[in-house]
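Below are the chains, spelled out letter by letter.
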Amino acid sequence: MDFTFSPEHVALRRMIREFAENEVAPIAAEIDREGRVPFETLKMMGEMGLLGVCFPQEYGGMDAGETGYCILMEELGRVCTSTATNVGAHIGIGAMSIYLDGTEEQKQKYLTPLARGEKIAAFVLTEADAGSDAAAIRTRAVREGDSWILDGTKTFNTNGSFAEIVTVLAVTDPTLGARGGITAFIVESDTPGFEVGTHENKMGIRGSSTAELIFDGMRVPHENVLGKVGEGFVSFMKTLDMGRLTLGAACLGGAQAALDWSIEWAKTRKQFGVELAHKQSVQWMIADMATEVEALRSLVYRVAWMVDTDQPFTQLAAMCKMYGSEVASRAIDTALQIHGGLGYTRDFPIERAFRDARIAEIFEGTNEIQRIVIASNIFRQHGVRIRP
Amino acid sequence: MRILVIMGRVLDPGGIAVNRRRGRIFVNREEYVMQPADRCALEAALRIKDGLQPRGAEVVALPRSVLPDDDVLRLAVATGADRAIHLTSEGTVEADDAGIAQVLAAAAERLGGADLVLTGATTLDTGQAQLGPRLAEALGWPQILSALHVEASDGHVAVILKQGKQYVTVEADLPAVVTVLPDALKPRYPDGVRLINVYKRIGELAAAVEQWDVADLVDVEALTPLLEKRGQDFPPERERGVRVTGAPREMAQALADALRQWAPS
Amino acid sequence: MDASYLDLLMAQQEEPAEAEGMEAEGGGGIWVVADVANGAVTPVALQALGAARTLADSLGAYVYGVLLGEDTTDLAQTLYQAGADGVRVADDPSLAQFALEPYLSVLWDLIEAQQPEVVMFGATAQGQALAPRLAQRTGGGLIEHVVTATLDEATRTVQGGFPIYNGEYFQIAACPQARPQFLTIQPGAFPTPFLDPYRKGEPTMIDVEPVEPAVRMLGPARDFDPPPAPLAQARVIVAAGRQAGDFELVKQLAAALGGQVAGDRGARDAGWIEPEQIVDVRGVKVAPDVYVAVGIRGNTFHGAAIEEAKFIVAIHPDPDAPIFEVADLCLEANPQEVLPLLLEALG
Chain H
1 MDFTFSPEHV
11 ALRRMIREFA
21 ENEVAPIAAE
31 IDREGRVPFE
41 TLKMMGEMGL
51 LGVCFPQEYG
61 GMDAGETGYC
71 ILMEELGRVC
81 TSTATNVGAH
91 IGIGAMSIYL
101 DGTEEQKQKY
111 LTPLARGEKI
121 AAFVLTEADA
131 GSDAAAIRTR
141 AVREGDSWIL
151 DGTKTFNTNG
161 SFAEIVTVLA
171 VTDPTLGARG
181 GITAFIVESD
191 TPGFEVGTHE
201 NKMGIRGSST
211 AELIFDGMRV
221 PHENVLGKVG
231 EGFVSFMKTL
241 DMGRLTLGAA
251 CLGGAQAALD
261 WSIEWAKTRK
271 QFGVELAHKQ
281 SVQWMIADMA
291 TEVEALRSLV
301 YRVAWMVDTD
311 QPFTQLAAMC
321 KMYGSEVASR
331 AIDTALQIHG
341 GLGYTRDFPI
351 ERAFRDARIA
361 EIFEGTNEIQ
371 RIVIASNIFR
381 QHGVRIRP
Chain V
1001 MRILVIMGRV
1011 LDPGGIAVNR
1021 RRGRIFVNRE
1031 EYVMQPADRC
1041 ALEAALRIKD
1051 GLQPRGAEVV
1061 ALPRSVLPDD
1071 DVLRLAVATG
1081 ADRAIHLTSE
1091 GTVEADDAGI
1101 AQVLAAAAER
1111 LGGADLVLTG
1121 ATTLDTGQAQ
1131 LGPRLAEALG
1141 WPQILSALHV
1151 EASDGHVAVI
1161 LKQGKQYVTV
1171 EADLPAVVTV
1181 LPDALKPRYP
1191 DGVRLINVYK
1201 RIGELAAAVE
1211 QWDVADLVDV
1221 EALTPLLEKR
1231 GQDFPPERER
1241 GVRVTGAPRE
1251 MAQALADALR
1261 QWAPS
Chain F
2001 MDASYLDLLM
2011 AQQEEPAEAE
2021 GMEAEGGGGI
2031 WVVADVANGA
2041 VTPVALQALG
2051 AARTLADSLG
2061 AYVYGVLLGE
2071 DTTDLAQTLY
2081 QAGADGVRVA
2091 DDPSLAQFAL
2101 EPYLSVLWDL
2111 IEAQQPEVVM
2121 FGATAQGQAL
2131 APRLAQRTGG
2141 GLIEHVVTAT
2151 LDEATRTVQG
2161 GFPIYNGEYF
2171 QIAACPQARP
2181 QFLTIQPGAF
2191 PTPFLDPYRK
2201 GEPTMIDVEP
2211 VEPAVRMLGP
2221 ARDFDPPPAP
2231 LAQARVIVAA
2241 GRQAGDFELV
2251 KQLAAALGGQ
2261 VAGDRGARDA
2271 GWIEPEQIVD
2281 VRGVKVAPDV
2291 YVAVGIRGNT
2301 FHGAAIEEAK
2311 FIVAIHPDPD
2321 APIFEVADLC
2331 LEANPQEVLP
2341 LLLEALG
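Protein chains in written order, with the working numbering: chain H, 1 to 388; chain V, 1001 to 1265; chain F, 2001 to 2347.
In short, the hints are calculated from the structure, not lab data.
All C-beta atoms, glycine included, are put in the ideal place defined by N, C-alpha and C.
One or more hints might be untrue.
[Claimed, not checked] Examples of chain F residues lying across from chain V (beta carbon under 7 Å, computed):
| no. | residue |
| --- | --- |
| 1 | 2161 |
| 2 | 2176 |
| 3 | 2346 |
[What the hints assert, rightly or not] Derived list of chain V stretches under chain F, where covered just means 3 residues or more per stretch with a C-beta under 8 Å from a C-beta of chain F:
| no. | region |
| --- | --- |
| 4 | 1163-1171 |
| 5 | 1226-1239 |
[Stated by the list, open to error] Cut-off 30 Å, straight-line C-alpha distance, at most; resulting in silico cross-link-like pairs (BS3-like, lysine-lysine):
| no. | chain 1 | residue 1 | chain 2 | residue 2 |
| --- | --- | --- | --- | --- |
| 6 | H | 279 | F | 2310 |
| 7 | V | 1165 | H | 43 |
| 8 | F | 2310 | H | 270 |
| 9 | H | 228 | H | 238 |
| 10 | H | 238 | V | 1165 |
| 11 | V | 1165 | F | 2285 |
| 12 | F | 2310 | H | 267 |
| 13 | V | 1186 | H | 43 |
Can you make the complete structure from the sequences, with help from the hints?
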């Protein structure tokens, strides 16, 4: 077993870390305060090829594999969760859905500009009545000649307010439900009938855009059906699996940051005549935090390797997301405790990280759903089909 | 136009701790970065190349010493250099700047000559600025040192540098050697696709980094270092809280004297 | 007052004692190529002469000053006063401004003819341009930015110490075989020698054949935007706190020292500085060579942000101010009183 990263991944990580520290970190507090998406950063990343990090070079990507993508998410998550969210929605579920299920023509037409960072992607599923119960979506797609008319409202969508290419899940046959009734469509956001609704005012990840999308008689050509008609649900399950791993990687970055800040503070802050590092209670907090980060790191990169070597990974990806989000929350909470009063002020990044981390346990499939996925997989391997 | 960029690596100072009392240096984290001034030199070369499109220019990266691996050179290609030459040798070659200047001059000749050589004006660790001028002497070319801005075309190079408190422009005919100050320019990031391909050694960049044996360029015997290391000295432990006493005028004078030691400009 | 020692000194100057094994003629020796600026010998050249003198006395060698320029012949006397035994002067219009090829030509001929053991330059733009080229041409070794110089008498080798990572520690190097040994001397590292007004001499004039410089000066660079200098990388910082009083004086001190202005949160509240200039764990961590805290009380949050500064000066009226626990040099005084006098003393 060789646990070392290959030379290109080491070099990639170094490049991304420098970029993250010099371009992303300095504006992280500002984009949170102003609630704006850092388009200038996304543009720079596009020019460097980072927005296509895991896609093949024939589609304008970098071909650094899922490992490369996890490295990107970890390094971004380490400095700015909002930026990691913007990038994750673009690469991990938006462009990824087209990569996994698109025809050759669709990949050439849509994936290539996304991988090159010329356009931004979004993945549009959630509705007011359909969060964890994703199959309960009501957005309708009705066939009319060689196109489909879409009507409906989507909520809590990341990137949808500015993305050019969005993958939309809609009901094509209300009688069939998840199995056969849902279809995925590639939609260009300048299509008439595509409206951006209310922007959400969030606790954290305020440097990312979460908005309502309204489709009103929106006409989408039949050739934009992604995958087969009626197989949209299966398609998005595949996409979300990939997304879970990389969200785990972003949480790893956040947890690592919390650990680094805590160590730095323990070295610096003196009370009772010595640095906090000499106090056992702080030592134990740091030891526990570091152990969880290491465990998460091993899990994330092992699963990345499994993806890169075409092995099944659904259950482990769910573990990455579930464990990652909880490790990150625990780490940042402990970091806040170590920093004391100073950590509670806005002068320090801790309070922003605290607010940002919380969403990870909720979006991309709540941790409760993840636990169901994991348990179902385990029991199926033992011959038991869990009744939902 | 062919531009050579001489690049080196340095141990990341963040990974080093110096214990003055025990007179020891601890390397906690052995990580190497490109010499910052050399990175600016590469950026200057790439900007010249960008300016000369579509005719273009060829940027070739060479190392500042006989390096144990070619990582810095791969990174240079990833950032935009067209080629790089990695110097290898059978045994360990310990050469200092005097010897390397000869090797690089021979390498330039073997490449078929060059129009401009760019390198960093100083090194982050040793603060030695001699490689650029030594190479200029070995090549027999003019030199311009400590550049903040470099432009080259049609047989001339024009450089902006600081003289005293003023910024001035100077010019020389090519071929010439120019050294660039660290922080003079904002260096660009590598290109992701080039990075992956040059490290994986695939596609067009499979052979971008060539391996040249030092023995083919110069007589290795002649590369014996001129300088010998004779140990380290450590600054005294700081004595904090030293009071300056006296009337305000005396205090001011004592402080002025101390400041002159520390900020001679 | 017994001034008989002066007679002895003057007697010595009329007939310099011959060192053993040295040509009275003037070959070999320790040379100092002296920079000239604003019509005077630069401080670093004098400091180099002082260092050369110390080494020469142990080696039993002569110290030769070398002066290049136009109308600089009179300055030779300063070199004698600083300790030179002999001075060579190249006084020619073609040498009026420093240019590489003309200066190299003169020095190369001199070095070839006289074969010095050691050649020292100030680590100035001139010295840093000349020393490496001469070293490469002669096959000599060069140690740059030397801050300490001791002698290995057995091999007549100078051991030069130079800063690593901007002074974290000092590496000592020597050039045991190759000759000449070249050194560039860091300004301010060596003491300025006492200028003895009774030490005089007759300089040797060197013939100069004009050589065309390869680099042409085009003039001031108008509209040039210098690269931004972030506070975190500044080498000299003058920071103000609430007790600084007149912020103008703080700015003037920063300008006089060639540094940047910063402050603590109090200075920001007073409207003197921008938030990006706050030195604090919650703001910018700095690592300058010199940090002058003017009227800053200081607390652990400020102290932690300046712990990498090499030399910290604090001026504050309250003797119990916490800043005095981290500062190297402490002035318990009112900044308003001290700063004008300090600016005067700095000239």
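Quick rundown of the hints versus the structure:
1. 2161: Given a least distance of 5 Å, the restraint on residue 2161 of chain F holds.
2. 2176: holds (6 Å)
3. 2346: With a closest approach of 5 Å, the residue 2346 of chain F hint holds.
4. 1163-1171: That given contact holds, which follows from 7 residues of the region 1163-1171 of chain V lying within Cβ reach (below 8 Å) of chain F.
5. 1226-1239: Since 12 is at least three, the answer is holds.
6. H:279 / F:2310: Cα-Cα ~29 Å, so holds.
7. V:1165 / H:43: violated (38 Å)
8. F:2310 / H:270: holds (21 Å)
9. H:228 / H:238: OK: residue 228 of chain H and residue 238 of chain H at ~14 Å, within 30 Å.
10. H:238 / V:1165: At roughly 63 Å apart (the allowed maximum being 30 Å), residue 1165 of chain V and residue 238 of chain H break the hint.
11. V:1165 / F:2285: Measuring from Cα to Cα gives roughly 27 Å; hence the hint holds.
12. F:2310 / H:267: holds (19 Å)
13. V:1186 / H:43: Measuring from Cα to Cα gives roughly 17 Å; hence the hint holds.
Hints 7 and 10 from the list above are not met by this structure, while the remaining hints are.
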